[in-house]
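K.L.:
Sequence:
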Amino acid sequence: MLANISYTTSNKKWMLTLGKSMVNIGTFEEHVSPNDVYQYSEVRQYLNMFSSGMTVRYTTDSKQQFTYQLVNSVPDSLNNVNLQQNLYWSGHISDHINTSMSLTVEKNNQNTIGHMSNLGVEFLYSDWELDVDYARVININGFLE
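The opening position of the sequence shown corresponds to residue 83 in our numbering, with each subsequent residue numbered one higher.
Derived by calculation from the structure, the hints in this document are not laboratory data. Any given hint could be a false lead.
[Claimed, not checked] DMTMM-like cross-link-like pairs, simulated, lysine to aspartate or glutamate; straight-line CA separation at most 25 Å:
no.: 1; residue 1: K145; residue 2: D177
no.: 2; residue 1: K94; residue 2: D143
no.: 3; residue 1: K145; residue 2: E204
no.: 4; residue 1: K189; residue 2: D143
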């Protein structure tokens, strides 16, 4: 269940959302219907896809989207929840190449900084589509080291 409040400026370039919404992580799995996914990657398998917090999004005239999120992280083994920050870029390099990239940072209870880099590139040609996703995860709650 999602419960949030959103405000969009009159020029449709800025949007602010408060409440529970989708966490923007730079993979193309979030663009695919769950019915079509046989097995999610570790990124979507171990992260909450929806979390409470704040999202600020800016959309350029060329429809590139830049997003900052401050949301709850996945609880650790002691059930402590920390804050997670996400920077996200969803873009179109050309008619044949789309991007979905993010950088995630969270401070966990061991006083270490965890981070995750996700690089997603989608190649389109005629009726063919190839999605390439790469993730590097260090000290993020819920992921095995």
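K.L.:
Flag every earlier hint the structure violates by its number, smallest first.
P.N.:
The structure breaks only hint 4.
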